[in-house]
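Top to bottom, those sequences are chains Z and S.
Start counting the first sequence at 0; every next residue gets the next number (numbering that gives the first Met the number 0).
Start counting the second sequence at 0; every next residue gets the next number (numbering that gives the first Met the number 0).
No wet-lab data here; the hints were simulated from the structure.
Keep in mind that the hints are not guaranteed to be accurate.
As the list claims (entries may be wrong) - Cut-off 25 angstroms, straight-line C-alpha distance, at most; resulting in silico cross-link-like pairs (PhoX-like, lysine-lysine):
#	chain 1	residue 1	chain 2	residue 2
1	Z	Lys103	S	Lys466
2	Z	Lys81	Z	Lys122
3	S	Lys201	S	Lys525
4	S	Lys201	S	Lys175
5	S	Lys490	S	Lys466
6	S	Lys201	Z	Lys122
7	Z	Lys122	S	Lys177
8	S	Lys466	S	Lys456
9	Z	Lys122	S	Lys481
10	Z	Lys122	Z	Lys103
11	S	Lys177	S	Lys201
12	S	Lys335	S	Lys55
All of these numbers come straight from a predicted model, not from anything done at the bench.
Each chain, written out:
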Amino acid sequence: MPRTLRVLVAKLGLDAHTIGVTVLARALRDAGMEVIYSGLRQTPEMVANTAIQEDVDVVGLSSLSGAHMKHFPQVVELLAAKGAGEKLVIGGGVIPDEDVSALKEKGMAEIFTMGTDTRDVVKYLDTWWADGDGAP
Amino acid sequence: MSQDSSTAGRPGAAAPPGEPDRDIAEEAARWDRETLAPEVEAHGEREQAFTTQAMKWPIKPVYTPADLDEIGFDYLVDSGFPGEYPYTRGTEADGYRSQLWAMSQVSGFGTGEDSARRWRAMLERGLNGIIIEYDLPTTNGLDSDDPLAEGEVCRAGTAIDSLPDMEAALDIPFDKLKHLTSVCNAPQPINLAMIIAALENKGVDPRSFTLLMPNAILIEYTCVGRYIFPPEAGLRISTDVIEYTIANHSNWVPIAIVSAQLYAARATPVQELAFSFSIAMTYLDAVLERGLTVDQVAPYFSFITGIDMDFFEAIAKLRAYRKIWARLMKDRYGAKTPEALRLKLMGSPGTMSLTLQQPLNNIARLGIQMLACVLGGGGQQMTTPLHDEAHALPSDEATSVGIAVQNIVAHETGAADTVDPLAGSYYVETMTRRMEDEVFAEIERIDALGGALEAIKTGYFQKELAKQQFSRQRELETGDRKLVGVNHLVKPEEERGIEMFKLDEDAESRQIERLRNVRAERDEAKVNECLARVEAAARGTDNLVPPILDAVKAHATHGELCNVLRDVYGTYHPDSLTTGV
């Protein structure tokens with residue numbers, strides 16, 4: 000039996016809107032994944048370190064304050080620099096369309112904006128995991 | 000023909016002498032059997048069960064006087080008259096007939112100058128209230144050059160590092176301003192001190208407008224999360240602001256429980272009111288301990304609520320809000336003066352009902368919610384969120400539309416022309432009473448847990464909210480609740496043709512440059528001496544505001560002052576369980 004997918008959900012920067020991560024954490028747990036929550040006010044460095052220490056497969060970043068362009072790509076870069084570039088990094092929050100494509104160019108796998116159905120996130124992760132993209 | 004004879008034969012009117020009274024409850028049962036049941040049998044109903052949106056209370060097909068009899072509704076006890084206890088029908092005897100509500104809007108971005116430019120335009124366009132939103136470094140008590148602040152400076156609100164920033168921000172025509180609301184919960188004493196000092200330097204009379212400070216940090220531990228210090232320290236800091244303001248600026252409002260934050264975190268109306276009142280009573284107890292009486296203190300308490308899309312639930316909430324406060328103050332605290340019993344409320348259409356999809360639809364939502372605010376009595380100051388807020392910070396055009404929405408309801412609908420027009424509605428009165436009963440039951444539950452402070456520390460509020468957050472999301476995903484543009488009338492490939500607010504990219508660097516100049520030009524020894532006095536007050540029991548005011552005038556920065564308080568009180572890091580995630 001394949002092992003359970005491990006996901007870190009993280010609040011980056013000073014933004015403290017937690018409904019998205021609360022709801023998503025519950026939905027992912029209900030779908031059988033292990034979910035770790037970072038707590039508030041994390042720096043990209045803190046998130047990258049937690050992701051490595053906790054040996055997660057997926058890092059989900061949340062920002063609703065508009066600082067996503069600054070913070071999200073830094074996590075991708077730090078993970079790569081620390082030899083953990085295989086982890087899937089996804090993001091969510093209040094993110095305009097033009098930023099979505101820019102973030103993908105900078106290595107974010109997917110961006111889920113407000114109004115996303117949590118079942119779509121579950122499906123996305125299940126598909127990625129089943130395809131073996133995340134296998135070590 | 001006289002009025003009497005024209006109504007005598009009307010069904011439902013009192014029976015003429017000689018004829019037996021028809022019992023409404025019996026008639027309702029008969030109607031149900033003979034008229035309704037065959038209809039439902041023939042056509043069915045749209046839903047298996049109709050319920051209110053948030054409370055999930057069953058909704059009957061029709062409400063009659065029999066429903067009021069069933070709950071023992073007594074007009075004089077339950078409703079009374081506007082401007083009189085229990086204030087169900089409003090705190091003002093003449094409603095909005097003598098004066099419309101003050102129209103405010105939340106705004107703030109960039110540097111002080113950037114915000115002042117927009118605020119001047121807003122005041123020119125007919126608003127008379129501004130609700131200042133600060134950027135996240137400011138509300139989190141960090142200076143703009145703090146490493147944690149990178150990327151967030153000037154973004155979600157205006158950046159205030161030192162007194163010169165506040166002076167630049169308050170470069171507005173004070174003759175047009177009635178209400179200023181300053182939302183800076185955790186560092187509220189510092190923020191208050193900067194406003195006082197800026198007004199002094201400008202020669203503005205602080206009595207010429209009302210300053211309202213949310214200053215209710217306890218709500219930040221239940222949701223939103225803009226806390227810095229542990230809850231007990233947060234409570235002490237807020238209480239200092241309340242005490243100082245009552246003594247020195249008696250026309251200002253030093254605390255507003257923003258129950259709208261709980262609403263935005265998906266609290267049901269009953270949770271919103273019960274949690275907020277429990278939090279308010281925790282503050283009230285803390286101020287009373289300092290030797291003031293409830294009649295002196297209660298008039299300084301205010302509340303800010305958010306209105307959801309269930310029209311009648313929203314109206315019942317507003318009516319119950321006033322009634323419960325009056326009852327709590329009278330029965331629990333023995334308040335006697337009308338000022339202490341009268342709820343100070345600011346109502347606002349809720350941001351959480353706005354959708355990212357098809358954003359123009361949000362204008363319709365805002366109009367409906369604004370109408371509910373006026374019909375239910377949303378207070379003497381109201382505001383509207385803006386239709387593009389789900390996207391990003393509001394654009395200039397959205398600001399104009401928001402002002403128009405308030406004016407359309409005020410001047411085109413007639414809703415503001417009589418007081419509490421939905422009173423006496425069998426449905427609204429039934430729901431108002433149920434709201435009241437259930438809020439009191441929930442307040443008792445929180446009392447049994449040891450009050451709001453304990454409920455925060457054990458995560459009770461947070462966990463209850465997390466449950467609601469998940470079930471509300473599930474309802475949308477399963478389609479149990481229809482939301483246009485999200486799960487109903489969805490446009491698959493939607494173009495988001497809406498003007499988005501663009502922040503000037505160099506705002507952050509301009510802000511940091513000014514901060515550095517302020518630090519370079521000030522008298523460092525004086526700043527250190529002031530900071531030491533703030534520390535002494537924080538370690539002892541002296542009110543924090545006077546030494547902070549001196550420090551602010553010496554150009555100590557916002558972040559430096561918060562750091563002094565961090566050293567004394569520590570910072571708060573709840574575990575994952577307590578946060579409800």
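Against the structure, the hints:
Of the supplied pair hints, the one linking Z/Lys103 and S/Lys466 is violated, its CA atoms being roughly 32 angstroms apart against a limit of 25 angstroms. Restraint check for Z/Lys81 and Z/Lys122: the C-alpha separation of about 28 angstroms exceeds 25 angstroms, so the hint is violated. Of the supplied pair hints, the one linking S/Lys201 and S/Lys525 holds, its CA atoms being roughly 23 angstroms apart against a limit of 25 angstroms. About 16 angstroms separates the Cα atoms of S/Lys201 and S/Lys175, which keeps this hinted pair within 25 angstroms; it holds.
A C-alpha spacing of about 30 angstroms is found between S/Lys490 and S/Lys466, which places the hinted pair above 25 angstroms, so the restraint is violated. A C-alpha spacing of about 59 angstroms is found between S/Lys201 and Z/Lys122, which places the hinted pair above 25 angstroms, so the restraint is violated. Distance restraint check for Z/Lys122 and S/Lys177: the Cα-Cα separation of roughly 52 angstroms exceeds the 25 angstroms cut-off, and the hinted pair is therefore not satisfied. Between S/Lys466 and S/Lys456 the CA atoms are separated by roughly 18 angstroms; this keeps the pair inside 25 angstroms, and the hint holds.
Among the hinted pairs, Z/Lys122 with S/Lys481 is consistent with the structure: their alpha-carbon atoms are about 23 angstroms apart, no more than 25 angstroms. In summary, the hint linking Z/Lys122 to Z/Lys103 is supported, as the alpha carbons are separated by about 19 angstroms, within the 25 angstroms threshold. Proximity of S/Lys177 to S/Lys201 is assessed by CA-CA distance (about 17 angstroms); at most 25 angstroms being required, the pair is judged to hold. Of the supplied pair hints, the one linking S/Lys335 and S/Lys55 is violated, its CA atoms being roughly 36 angstroms apart against a limit of 25 angstroms.
Comparing the model with each numbered hint stated earlier shows that hints 1, 2, 5, 6, 7 and 12 do not hold.
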